[in-house]
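Residue numbers (UniProt numbering), protein chains in the order written: chain A, 1 to 409; chain B, 1 to 409; chain C, 1 to 409; chain D, 1 to 409.
Everything labelled a hint here was simulated from the structure, so no lab data went into it. You may find that some hints are simply not true.
A pair counts as met if it fits within one copy or between any two copies, since identical chains are not told apart.
As the list claims (entries may be wrong) - Only pairs whose alpha carbons sit at most 27 Å apart, straight line, appear in this in silico DSS-like list of lysine-lysine:
1) Lys103 with Lys6
2) Lys289 with Lys257
3) Lys349 with Lys289
4) Lys340 with Lys407
5) Lys240 with Lys340
6) Lys58 with Lys6
7) Lys349 with Lys257
8) Lys158 with Lys54
9) Lys240 with Lys257
10) Lys243 with Lys257
11) Lys243 with Lys349
12) Lys385 with Lys103
13) Lys6 with Lys407
14) Lys385 with Lys22
15) Lys161 with Lys385
16) Lys385 with Lys158
17) Lys363 with Lys407
18) Lys407 with Lys103
19) Lys143 with Lys385
20) Lys407 with Lys143
21) Lys6 with Lys385
22) Lys22 with Lys6
4 protein chains.
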Amino acid sequence: MSDVNKVVLAYSGGLDTSVILKWLQDTYQCEVVTFTADLGQGEELDPAREKALKFGIKPENIFIDDLREEFVRDFVFPMFRANTVYEGEYLLGTSIARPLISKRQIEIARQTGADAVSHGATGKGNDQVRFELGYYALMPNVKVIAPWREWDLLSREKLLKYAEDAGISIDMKHRQGGAPYSMDANLLHISYEGRHLENPAAEAEESMWRWTVSPEAAPDAAEYLDLEFENGDLVSINGKRMKAHELLATLNQVGGKHGVGRLDLVENRYVGMKSRGCYETPGGTILLKAHRAIESVTLDREVAHLKDDIMPRYASTIYNGYWWAPERLAMQALIDQTQKTVNGWVRIKLYKGNVIVVSRDSKTDSLFDPTIATFEDDQGAYDQKDAHGFIRLNALRLRIAENARNKRG
Amino acid sequence: MSDVNKVVLAYSGGLDTSVILKWLQDTYQCEVVTFTADLGQGEELDPAREKALKFGIKPENIFIDDLREEFVRDFVFPMFRANTVYEGEYLLGTSIARPLISKRQIEIARQTGADAVSHGATGKGNDQVRFELGYYALMPNVKVIAPWREWDLLSREKLLKYAEDAGISIDMKHRQGGAPYSMDANLLHISYEGRHLENPAAEAEESMWRWTVSPEAAPDAAEYLDLEFENGDLVSINGKRMKAHELLATLNQVGGKHGVGRLDLVENRYVGMKSRGCYETPGGTILLKAHRAIESVTLDREVAHLKDDIMPRYASTIYNGYWWAPERLAMQALIDQTQKTVNGWVRIKLYKGNVIVVSRDSKTDSLFDPTIATFEDDQGAYDQKDAHGFIRLNALRLRIAENARNKRG
Amino acid sequence: MSDVNKVVLAYSGGLDTSVILKWLQDTYQCEVVTFTADLGQGEELDPAREKALKFGIKPENIFIDDLREEFVRDFVFPMFRANTVYEGEYLLGTSIARPLISKRQIEIARQTGADAVSHGATGKGNDQVRFELGYYALMPNVKVIAPWREWDLLSREKLLKYAEDAGISIDMKHRQGGAPYSMDANLLHISYEGRHLENPAAEAEESMWRWTVSPEAAPDAAEYLDLEFENGDLVSINGKRMKAHELLATLNQVGGKHGVGRLDLVENRYVGMKSRGCYETPGGTILLKAHRAIESVTLDREVAHLKDDIMPRYASTIYNGYWWAPERLAMQALIDQTQKTVNGWVRIKLYKGNVIVVSRDSKTDSLFDPTIATFEDDQGAYDQKDAHGFIRLNALRLRIAENARNKRG
Amino acid sequence: MSDVNKVVLAYSGGLDTSVILKWLQDTYQCEVVTFTADLGQGEELDPAREKALKFGIKPENIFIDDLREEFVRDFVFPMFRANTVYEGEYLLGTSIARPLISKRQIEIARQTGADAVSHGATGKGNDQVRFELGYYALMPNVKVIAPWREWDLLSREKLLKYAEDAGISIDMKHRQGGAPYSMDANLLHISYEGRHLENPAAEAEESMWRWTVSPEAAPDAAEYLDLEFENGDLVSINGKRMKAHELLATLNQVGGKHGVGRLDLVENRYVGMKSRGCYETPGGTILLKAHRAIESVTLDREVAHLKDDIMPRYASTIYNGYWWAPERLAMQALIDQTQKTVNGWVRIKLYKGNVIVVSRDSKTDSLFDPTIATFEDDQGAYDQKDAHGFIRLNALRLRIAENARNKRG
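With these hints in hand, go ahead and build the complete structure from the sequences.
Right, dumping it as structure tokens:
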């Protein structure tokens with residue numbers, strides 16, 4: 001066990017990180033700095049301050065930051081420029097929040113002169129990797145304390161016992177009915193793992209979902225949204241310009257109302273195992289669909305295909321925790337270069353879980369040329385005879401090969 | 001104009017290909033062989049025979065083939081093994097039918113001793129390319145007649161006039177209201193282009209859609225389907241084994257009833273322009289979702305990612321018409337190699353346009369190991385301490401780089 | 001044949017483009033502007049002016065531009081940042097010159113108010129595509145005249161006859177011994193095609209090569225070069241800073257002396273056929289090797305691999321003529337982003353055709369950390385125990401799969 | 001430390017693995033099985049038996065296998081079908097031997113009922129990963145002992161002391177002059193790491209190289225080789241058919257004589273650090289060049305490009321130790337599918353370090369069609385006018401975009 005003077009803990013104020021806070025004090029006899037971020041998870045953060053104070057944390061060592069705007073503007077939106085989806089389904093709601101937490105945690109470590117950082121992620125998941133790759137990338141010699149990999153509180157019982165002994169108040173829900181879902185929430189999504197989700201053959205309980213109504217319970221009337229994009233980023237909804245995080249919050253609210261954005265899947269973790277997860281990403285689901293639609297009229301074909309080809313790698317890079325790595329920056333340079341012309345609007349219809357693109361256009365950057373695509377007389381804009389040569393030369397290698405095959409018999 | 005003795009025409013029996021039939025006789029003074037394929041488009045094919053006879057086609061020169069089983073088994077299913085989607089949205093319903101038509105048309109050309117083939121695709125679209133690349137790949141020196149690129153009947157009026165003069169009966173719908181949608185149908189989908197769809201800013205008319213009800217009009221009660229897969233292919237629905245095309249037809253019927261599979265998009269054609277298309281692919285939409293789900297429990301992570309990385313290229317290859325090209329065969333070899341373990345079942349819920357995966361598993365090939373993934377005590381199946389070294393070595397290059405940056409200041 | 005007022009011809013002053021000049025005047029009755037570029041091909045350009053005047057070209061319509069610096073700085077060097085090689089061998093010497101010629105030709109067209117451009121590339125090769133894609137990308141409605149695809153002078157005899165009739169002086173070499181090699185030269189390379197190279201089973205004649213001595217004829221003493229790079233570009237040789245084109249000219253001179261850079265291959269043209277070509281690229285061969293070497297110590301692993309993965313596509317993009325297309329710009333953004341740390345030096349040994357990297361380092365950006373890599377005691381810089389967890393987690397998916405296989409038996 | 005009954009050690013008979021043998025006996029008090037493989041490293045293997053006996057290994061527990069044919073036929077040749085090169089330079093000579101050793105070691109473990117395996121690779125390198133990924137993939141619950149990560153003999157002095165105490169004879173070279181190069185040899189290559197190579201700015205000593213003469217010392221007369229390929233594999237040299245390993249041994253001998261195949265580079269290890277290595281791969285260097293040449297006339301363009309695109313990933317997969325992983329098998333299926341037509345011959349010239357392709361052809365599978373590629377009159381085999389349409393449609397998206405840009409001004 002290494003010698004630690006001061007550690008910055010990513011502190012939610014919940015039971016687990018409260019136990020960790022106490023355990024750090026007990027185990028390392030070190031000063032603890034708590035860092036609590038508002039990423040739009042929808043929880044009160046003030047209790048975190050009170051609890052920290054109760055543990056004897058000095059007021060100047062308690063950091064509670066509203067990172068919502070930075071989160072959406074500098075992390076979520078850049079990621080959506082790439083139409084990023086992991087393994088065909090997952091919108092990376094947890095993955096994209098970790099690098100911002102790491103960054104801010106390291107900033108606080110520098111500011112407070114801390115030599116260590118700590119987090120509450122378990123030793124089986126992706127989040128430990130994402131947090132720690134961020135720490136190491138930004139402060140390569142920082143000491144990292146991952147209590148779940150060190151302590152002996154691996155069973156729920158031991159953890160609750162430790163909390164009780166430490167005078168940490170335990171909610172009723174934690175006492176009853178076994179472990180709760182493992183959840184993570186921020187402006188992009190809320191996720192669920194564990195409990196009976198650990199059986200991929202079992203259907204998720206309706207009572208689990210928190211942000212969205214079920215499609216069955218959604219309104220009977222559809223709702224239309226007009227979304228406007230500039231340089232690939234959403235800038236207004238129904239004509240109202242808002243900040244990045246306000247836009248996403250609005251989409252979440254409307255999407256959740258219409259039962260949009262539930263997902264139930266088995267994914268491959270970076271640490272080598274498969275895991276079942278359920279996600280609610282109402283705003284992100286709308287945003288992805290709309291972004292693809294605005295790109296469909298403003299992006300060159302080969303650029304769009306290049307993006308599609310590189311996307312899975314970009315997604316894995318983020319999923320695996322390499323946001324701060326140079327390969328992510330290199331891919332981002334490519335992606336951002338392509339978004340200069342992604343300007344225009346998309347009209348979306350929401351209805352009982354469906355996100356339907358009904359129309360889209362761009363006044364400034366449309367590459368859709370109706371005079372060429374038309375089935376009507378195009379006045380010579382396109383010479384159909386050109387297709388003959390196009391096909392003949394594209395077929396040439398196939399013809400030569402088949403002729404060669406025939407010659408050999 | 002080249003000298004043609006006998007030409008095999010891909011003949012639907014509709015107005016356009018009837019005009020082409022007549023035009024070929026008039027223009028090339030050659031014998032015409034008609035080939036009409038049943039790909040599950042849902043139209044009577046008998047009238048095609050009668051019409052052909054009226055044009056003086058010899059009975060032995062009239063080919064009407066039921067290709068439904070071959071179509072789904074050897075073309076649609078192999079393509080779905082790759083989770084193939086073009087430009088993030090389009091399920092390639094038209095693209096995948098063309099290579100089979102080309103193949104059969106060339107077989108008939110060999111059988112009847114024809115020296116030419118012809119089709120009714122326009123000079124602006126992808127289908128001319130797909131047909132002709134198929135012809136050339138399989139019979140490299142065949143003569144190809146593409147009437148739409150040769151004749152002067154480019155306006156609707158001229159075409160109707162020519163039909164009238166030739167005594168071709170014209171449906172009322174063709175006489176009124178301008179050109180109809182340009183449509184294509186087979187067991188995988190039905191597509192719509194043209195008319196007011198030529199304006200991407202205009203919403204599609206509800207009256208256009210033919211195979212699916214709108215989500216609004218779908219039943220209020222959800223329906224569950226149990227789908228079973230073997231080697232990556234669907235083999236049964238709700239426990240009932242059927243032939244490939246029967247399975248797809250069943251999915252179409254159920255999906256259509258629940259408003260599943262509508263799509264409205266702008267796509268990039270191989271010939272260089274953007275085009276607006278609407279598609280109904282009820283069965284394919286279900287199949288894609290379910291196939292991803294069964295892969296999620298049976299496919300190795302790196303194999304899944306490799307497939308995701310190569311998929312857009314495989315999709316473009318098919319979209320552009322290169323089904324018979326060696327690069328498609330090479331990619332197919334990779335894809336098929338991966339499907340040996342894709343065995344198991346998926347439970348799907350259909351409700352008002354939604355296709356929701358609720359559970360999935362594989363008795364024989366699951367790679368989901370609950371003893372490892374569990375949040376509960378795993379009895380040592382996984383050593384959380386291993387994650388420390390995993391992260392440290394994955395972070396090493398990032399740490400070295402940041403240390404180097406800091407050293408230079 | 002379209003109506004042309006004024007045409008800008010890419011004019012070398014040689015026999016073929018002189019015939020074209022005359023043919024344009026005869027056929028289109030239009031004003032001709034000649035454009036002759038110095039790309040370092042090593043030929044006198046003054047005769048081009050005299051010849052143009054003889055054809056009655058107005059002095060203000062004769063453009064002779066020294067583009068050597070721009071060529072190497074803005075085209076060759078950016079391409080080498082990607083370690084660009086087509087089909088594993090070809091360094092794209094011809095491909096990379098075409099976009100600059102197109103660009104300048106279109107600038108001249110704008111300046112002189114011309115409505116057409118013309119070039120001397122044949123209808124079978126890649127260069128017609130490269131020139132014309134450049135023209136169309138930069139001036140989309142320009143008229144393009146490609147005489148080799150239009151005229152009837154396809155045989156050598158007819159061409160010489162036309163030249164004779166037009167009073168164009170014909171060198172002795174053109175009169176004798178059939179057609180010469182088809183050659184192209186600029187600061188990056190000289191290429192040879194045609195004649196007996198059309199048989200891939202025939203060895204190239206020693207007398208063909210012009211820029212390099214054979215390895216056998218090269219000096220018996222090796223020569224060392226110290227090359228310095230900044231942001232991925234070569235900036236000095238043996239401590240002497242020079243302009244981009246001077247650096248490449250120096251490498252060509254030294255490389256050629258040592259028999260470096262000959263290549264004999266069969267390549268796949270964009271127009272669908274295979275073609276045999278021989279190339280001399282002495283400077284480029286050295287540059288590629290040295291650039292890889294400096295990257296080897298300054299580039300992050302994943303960035304290097306990302307570049308390697310994207311390189312073949314970037315190479316094809318340039319080979320096929322899409323320098324001015326948006327997908328090239330997107331890839332360039334990625335590549336350039338990676339080169340910020342590519343600073344340092346490489347020591348190269350040249351000897352009878354060999355380019356041998358003997359050492360390399362970077363004072364500012366080395367990621368080579370000898371304290372970690374050492375076989376000696378590393379004082380704890382690297383904890384060998386970390387490898388255990390690294391391997392265990394990387395092996396996890398393989399272990400789960402094999403255990404699952406064994407369980408099913 | 002886990003409980004071990006019987007361990008199979010990859011035993012070279014050299015100093016290090018002899019110390020390991022003794023250390024395993026001392027530390028684990030377990031039965032040791034030694035496995036020594038002949039992979040063509042060019043060392044006597046009989047001493048390994050004698051030494052093992054001296055350590056008290058039972059005769060039935062000593063395995064000395066000649067794996068040369070299997071190595072080249074089933075590992076080296078399949079890899080060369082992909083033109084595999086890691087980071088643009090390294091031919092993977094060490095990487096490709098490890099999976100075979102792992103496989104045989106596991107076979108012996110099953111045969112002898114051993115529950116553990118062990119190897120002599122250090123905790124900093126790639127080989128530990130390659131060995132162990134192989135072990136785990138083939139016998140997922142095997143115990144793996146990696147002495148270099150466990151023991152305290154990390155310094156050279158301690159190791160020699162331990163050897164001395166154990167009565168292990170130590171060569172003079174080991175006593176003097178510090179640590180030797182870390183070397184690895186098999187039929188594909190010999191590698192060098194460590195010592196003063198740890199400084200990338202230092203030139204390698206001429207005395208280090210063992211398999212090749214320097215180019216300077218190579219014969220003054222060039223030598224030609226005729227190489228014949230079937231399905232992408234070399235089958236004969238100068239008309240003489242031999243087994244796979246005999247062919248490679250022959251190429252090594254001739255190549256070494258002519259100074260072919262030296263390489264000096266800095267590479268990125270999987271464990272996260274950069275490392276300087278020198279390699280001699282005379283036969284492999286010739287084979288790669290020749291294989292590319294025979295592919296150049298027999299492989300379709302798009303297939304060749306697909307292979308080039310996937311190659312770096314295939315190379316990393318092998319480099320990182322994932323030969324037995326399913327993603328390698330999937331890529332191999334693609335690669336092998338492409339090699340069916342790779343039949344023909346290549347003529348190579350070797351001269352003082354140079355490997356020069358002078359000609360190549362295929363009687364059965366050439367796709368080089370001289371009647372089409374010719375600069376002479378092709379009798380209509382290719383219609384140059386086709387190029388017009390080909391270019392126009394390929395340019396269409398660029399023209400539309402530029403027109404759109406101009407319209408907006």
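For Lys349 and Lys289, with the copy left unspecified, which applies at a CA distance of at most 27 Å: within, between, both, or neither? Answer is both; intra-copy 11 Å and inter-copy 22 Å each pass.
With identical chains treated as interchangeable, where does the CA-CA distance between Lys6 and Lys385 reach 27 Å or less: within a copy, between copies, both, or neither? Between copies, since 23 Å is at most 27 Å while 75 Å is not.
Is it within, between, both, or neither for Lys103 and Lys6, if the alpha carbons may be no more than 27 Å apart? Classified as within; 17 Å inside a copy, 49 Å across copies.
Please work out whether the CA atoms of Lys143 and Lys385 approach to 27 Å or closer within one copy, between two copies, in both situations, or in neither? between (69 Å within a copy, 16 Å between copies)
Are the CA atoms of Lys385 and Lys22 at most 27 Å apart within a copy, between copies, both, or neither? between (78 Å within a copy, 21 Å between copies)
Could you figure out if Lys407 and Lys143 sit no more than 27 Å apart (CA to CA) within one copy, between two copies, both or neither? between (70 Å within a copy, 19 Å between copies)
Intra- versus inter-subunit Cα pairing at 27 Å for Lys6 with Lys407: between (79 Å within a copy, 24 Å between copies)
Between the shortest in-copy and the shortest cross-copy C-alpha distance, which are at most 27 Å for Lys340 and Lys407: within, between, both, or neither? between (52 Å within a copy, 17 Å between copies)
Indicate which option fits the pair Lys240, Lys257 if close means a Cα-Cα distance not exceeding 27 Å: within, between, both or neither. within (20 Å within a copy, 38 Å between copies)
Which holds for Lys243 with Lys257 at a C-alpha limit of 27 Å: within a copy, between copies, both or neither? within (21 Å within a copy, 41 Å between copies)
At most 27 Å between alpha carbons: which applies to Lys363 and Lys407, within, between, both or neither? between (56 Å within a copy, 11 Å between copies)
For Lys289 vs Lys257, is the C-alpha pair at or below 27 Å within one copy, between two copies, both, or neither? Result: close both inside a copy and across copies, 18 Å intra and 24 Å inter.
Violation of the numbered hints given earlier is absent; every hint is satisfied by the structure.
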